[in-house]
Amino acid sequence: MNLLELRDATFLYGGTRGSTESTGISSINLVVQTGRNLGVIGESGAGKSTLLSLLLGLAQPSSGRVLFQDEPLALDNRRQVVKFRTAVQAVFQDPYASLDPRRKISSIVAEPIRSLGLLTDKTETKERVRESLKAVELDENIANRYPHELSGGQRQRVAIARALATHPKVLIADEPTSALDVTTRIEVIELLRKLGVERGLTIVMVSHDVSVVASLCKEVVVLSQGRVVEHGEIPEILTKPKNEYTQRLISAVPRLPR
Amino acid sequence: MSTAKAARARLSTFHGSPTFAIGIFFTSFIFIVALVSLIWSPYKLDDTTGNRLEGPNATHLLGTDTLGRDLLSQLMVGARIAMKVGFGATGIALIIGCFLGLLAAFFPGWIDDTLASIFDTLIAFPTLLLAMLIIAAEGASLWAAILAIGIAASAIVSRIVRILTKRILAQQYVVAAKTCGTSRWEILRGHVLPNLWPTLIVNLAIIYGVAVLTEAGLSYLGLGAPPPSYSWGRLLREAQSTVLTAPLGAIAPGIAIILLVLGMNFVADGLRELFDPTQRGNS
Amino acid sequence: MSSLLRVESLSVAKRASHSLDATAQDADQLLRQVSFNVEDGERVGLIGESGSGKSLTALAIIGLLPDSLLQSGSVNFAGREISSLSNRELQKLRGREIAVVFQEPATALDPLMKVGKQVAEPIRRHFGLRGSDLRRSVISALDEVQLANALRIADSYPHEISGGERQRVAIAAAIACKPRLLITDEPTTALDVTVQREILKLIQNLVTERSMSLVFITHDLAVVAQVVDRILVMRRGEIVENLSVHQLSSAPAHPYTQELLKSARLLDSALGA
Numbered sequence: 000m001n002l003l004e005l006r007d008a009t010f011l012y013g014g015t016r017g018s019t020e021s022t023g024i025s026s027i028n029l030v031v032q033t034g035r036n037l038g039v040i041g042e043s044g045a046g047k048s049t050l051l052s053l054l055l056g057l058a059q060p061s062s063g064r065v066l067f068q069d070e071p072l073a074l075d076n077r078r079q080v081v082k083f084r085t086a087v088q089a090v091f092q093d094p095y096a097s098l099d100p101r102r103k104i105s106s107i108v109a110e111p112i113r114s115l116g117l118l119t120d121k122t123e124t125k126e127r128v129r130e131s132l133k134a135v136e137l138d139e140n141i142a143n144r145y146p147h148e149l150s151g152g153q154r155q156r157v158a159i160a161r162a163l164a165t166h167p168k169v170l171i172a173d174e175p176t177s178a179l180d181v182t183t184r185i186e187v188i189e190l191l192r193k194l195g196v197e198r199g200l201t202i203v204m205v206s207h208d209v210s211v212v213a214s215l216c217k218e219v220v221v222l223s224q225g226r227v228v229e230h231g232e233i234p235e236i237l238t239k240p241k242n243e244y245t246q247r248l249i250s251a252v253p254r255l256p257r
Numbered sequence: 000m001s002t003a004k005a006a007r008a009r010l011s012t013f014h015g016s017p018t019f020a021i022g023i024f025f026t027s028f029i030f031i032v033a034l035v036s037l038i039w040s041p042y043k044l045d046d047t048t049g050n051r052l053e054g055p056n057a058t059h060l061l062g063t064d065t066l067g068r069d070l071l072s073q074l075m076v077g078a079r080i081a082m083k084v085g086f087g088a089t090g091i092a093l094i095i096g097c098f099l100g101l102l103a104a105f106f107p108g109w110i111d112d113t114l115a116s117i118f119d120t121l122i123a124f125p126t127l128l129l130a131m132l133i134i135a136a137e138g139a140s141l142w143a144a145i146l147a148i149g150i151a152a153s154a155i156v157s158r159i160v161r162i163l164t165k166r167i168l169a170q171q172y173v174v175a176a177k178t179c180g181t182s183r184w185e186i187l188r189g190h191v192l193p194n195l196w197p198t199l200i201v202n203l204a205i206i207y208g209v210a211v212l213t214e215a216g217l218s219y220l221g222l223g224a225p226p227p228s229y230s231w232g233r234l235l236r237e238a239q240s241t242v243l244t245a246p247l248g249a250i251a252p253g254i255a256i257i258l259l260v261l262g263m264n265f266v267a268d269g270l271r272e273l274f275d276p277t278q279r280g281n282s
Numbered sequence: 000m001s002s003l004l005r006v007e008s009l010s011v012a013k014r015a016s017h018s019l020d021a022t023a024q025d026a027d028q029l030l031r032q033v034s035f036n037v038e039d040g041e042r043v044g045l046i047g048e049s050g051s052g053k054s055l056t057a058l059a060i061i062g063l064l065p066d067s068l069l070q071s072g073s074v075n076f077a078g079r080e081i082s083s084l085s086n087r088e089l090q091k092l093r094g095r096e097i098a099v100v101f102q103e104p105a106t107a108l109d110p111l112m113k114v115g116k117q118v119a120e121p122i123r124r125h126f127g128l129r130g131s132d133l134r135r136s137v138i139s140a141l142d143e144v145q146l147a148n149a150l151r152i153a154d155s156y157p158h159e160i161s162g163g164e165r166q167r168v169a170i171a172a173a174i175a176c177k178p179r180l181l182i183t184d185e186p187t188t189a190l191d192v193t194v195q196r197e198i199l200k201l202i203q204n205l206v207t208e209r210s211m212s213l214v215f216i217t218h219d220l221a222v223v224a225q226v227v228d229r230i231l232v233m234r235r236g237e238i239v240e241n242l243s244v245h246q247l248s249s250a251p252a253h254p255y256t257q258e259l260l261k262s263a264r265l266l267d268s269a270l271g272a
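These protein sequence lines map, in sequence, to chains A, B and C.
Residue numbers for the first sequence follow numbering that gives the first Met the number 0, so the first one is 0 and each next one is one higher.
Residue numbers for the second sequence follow numbering that gives the first Met the number 0, so the first one is 0 and each next one is one higher.
Residue numbers for the third sequence follow numbering that gives the first Met the number 0, so the first one is 0 and each next one is one higher.
No wet-lab data here; the hints were simulated from the structure.
Keep in mind that a hint or two might mislead.
As the list claims (entries may be wrong) - If you only want the chain A side, here are some residues facing chain B, beta carbon under 10 Å, derived: (1) Ala96; (2) Asp99; (3) Gly195.
To be verified - Partial chain B-side listing against chain A, Cβ under 10 Å, derived: (4) Ala20; (5) Phe24; (6) Val173; (7) Val174; (8) Ala175; (9) Lys177; (10) Pro193; (11) Pro197.
Positions of the beta carbon are idealized from the N, C-alpha and C atoms, including for glycine.
All chains, please: the whole structure from these sequences, using the hints.
See the structure below:
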């Protein structure tokens with residue numbers, strides 16, 4: 000059974016109303032299988048955020064389908080949506096913007112449990128919050144603090160803890176390390192790797208940063224101008240990219256001197 | 000950072016900002032005067048036992064008007080009217096403004112477009128003209144004035160609420176909330192309102208001051224509550240003809256208006272500092 | 000030989016506010032005794048993580064620190080003490096002798112002014128060129144940063160051109176007056192990798208051709224190693240290590256540099272040999 004799948008998914012931005020800088024995507028096929036971390040590499044204008052909206056069930060494709068556990072995802076089917084949101088959680092790029100500044104960490108981490116009605120008992124919820132914070136190696140005292148009291152790395156850990164609170168199967172990570180310093184970046188990548196192993200979590204990493212994707216995912220798709228231009232295993236893509244754009248991208252990545 | 004430190008930071012904004020302290024002092028002074036006038040004032044309002052246009056003296060602290068009535072007592076009752084106007088108009092503006100502003104922000108498309116152009120038209124429409132229209136339909140009364148001012152201000156509140164809400168809805172934490180399965184209603188209650196109200200309350204404090212000022216203007220023009228009414232604006236108007244012989248009759252209500260309006264603006268400034276998240280904790 | 004830029008014991012602190020306790024004062028110290036030299040034609044990288052004070056150092060050199068900060072120490076440029084110059088004298092220096100390129104080209108350019116006019120501004124101010132002479136040197140400045148179709152770009156507003164083009168324009172404006180020192184603050188951080196490579200190449204070429212000195216500020220070791228000869232590692236307002244690019248791969252001495260390198264190496268190794 001595939002966890003999550005885009006089948007010939009197209010999303011076009013029609014008209015001028017509220018048009019952001021997002022690019023549409025066309026005819027994308029993508030499969031997320033249990034235990035196989037998937038990387039999506041794309042630069043600005045590649046259609047990453049549109050792809051994310053579809054994968055996260057925040058938008059319906061104009062044509063094609065989003066399948067969740069082999070069933071078409073219907074956003075008006077509350078029961079399916081609850082199952083979907085419990086299984087598929089997200090971490091975003093900017094840990095400063097993805098946490099509500101006026102909520103305590105405990106309330107932030109408990110949000111999916113509350114909103115999805117997963118646990119009704121207060122002490123159980125509290126216990127789950129504590130467990131999530133522990134899983135991301137944060138001190139449980141942090142629960143009583145506000146986001147602005149934490150460092151960028153700590154905030155990103157809180158965001159991951161929030162995603163873990165539902166015991167999800169898939170974690171969709173949107174540039175989760177781009178806003179972080181390099182030493183913190185390594186820590187967060189390590190953490191995601193560890194969570195993948197310990198919790199059987201499949202990670203979908205969407206990023207412009209080839210090295211971050213390569214350190215976490217074996218399988219990657221390269222996205223350019225709304226289309227998948229290359230799909231394969233990371234070693235092949237790195238050493239013998241077939242597509243012209245992929246070649247340009249890979250050769251442009253700055254390397255350390257030997 | 001510890002909560003103790005955060006609390007200290009809050010306190011220090013209170014102490015460190017003299018304008019806020021002055022604002023609170025001015026406004027609570029008027030508020031207390033208004034409350035006291037409910038149970039006690041030096042003279043009854045229809046007590047004409049004083050001489051005409053007395054200057055300040057031991058029996059009439061601020062002197063008397065052309066009919067020999069005590070000016071201080073009139074001012075105290077006037078404070079009550081100012082409070083009614085301030086809270087009434089601000090309350091109306093808050094209720095209408097929040098409802099329409101949130102409606103517009105949550106329903107982009109034709110609802111938003113229509114409402115936004117209504118707000119813009121209403122803001123461009125002079126409050127005074129609106130007040131005259133309402134008064135023409137309803138007859139001059141304090142409540143007609145409050146309603147007019149409230150409706151005019153609601154356009155401003157609507158616009159502020161609409162813009163702020165749109166900005167909040169575009170934040171990543173709202174997207175994150177959606178992926179957590181949080182419903183639209185819960186996003187409104189749990190994310191939008193808590194992030195909205197600090198800015199909103201600052202603006203309400205300013206609107207309160209503007210409302211008091213506008214009502215005083217309306218009464219001065221004879222468009223407020225008809226006599227017998229002791230609105231500060233009307234007191235000003237009545238003292239106008241005798242301003243050279245008994246200047247205090249005009250000066251005293253003028254100062255009262257300034258105290259309340261300025262006080263509310265100072266409070267707004269102080270609140271702005273107080274709600275600034277960078278002032279809390281990590282400096 | 001005397002250095003082009005000599006920074007000695009540069010310290011920056013928040014202006015003393017109401018707090019008097021010693022710990023607070025310590026936290027208010029943003030730069031501590033920063034000293035370094037940049038020789039004529041030398042390319043120096045200033046590397047550090049957020050809050051290390053690298054951007055602050057650049058601002059202090061060109062005298063653009065906000066009033067709320069207090070600066071001490073010496074900044075000597077071409078044998079002249081510039082830390083005590085008046086604003087007016089600094090303005091003569093900025094753009095003419097020392098030019099800066101910032102991270103975000105979208106905010107560094109005025110959105111309401113045509114690109115050509117923004118490039119023209121420093122040339123007009125420092126060289127007094129007018130009319131067709133001015134126009135000609137603007138076009139040649141845009142040509143020099145390898146903007147295809149310089150004429151079209153000159154008549155565009157910043158939002159009408161791409162991010163990479165905007166950064167080229169910002170570089171064109173910076174080097175239009177042939178400065179002796181170019182300071183770039185994270186010039187490629189906001190750009191795509193493919194564009195980043197082109198901009199790095201451009202900066203390298205320009206610096207070599209004109210034998211300018213370069214201070215390249217970044218958080219990215221892999222990026223900085225491509226452009227500079229020497230690296231200064233900053234942490235919490237201090238320079239903790241000063242080493243050549245060759246030394247970087249062999250033996251950084253300071254534990255913090257080692258940690259930075261280790262992290263960068265981990266990411267680099269994911270890309271294969």
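Now the hints, each set against the structure:
1. Ala96: Holds: closest Cβ of chain B sits about 4 Å from A/Ala96, inside 10 Å.
2. Asp99: holds (4 Å)
3. Gly195: violated (19 Å)
4. Ala20: violated (26 Å)
5. Phe24: violated (29 Å)
6. Val173: Given a least distance of 8 Å, the restraint on B/Val173 holds.
7. Val174: holds (7 Å)
8. Ala175: With Cβ-Cβ at 5 Å, under 10 Å, it holds.
9. Lys177: holds (6 Å)
10. Pro193: holds (5 Å)
11. Pro197: holds (8 Å)
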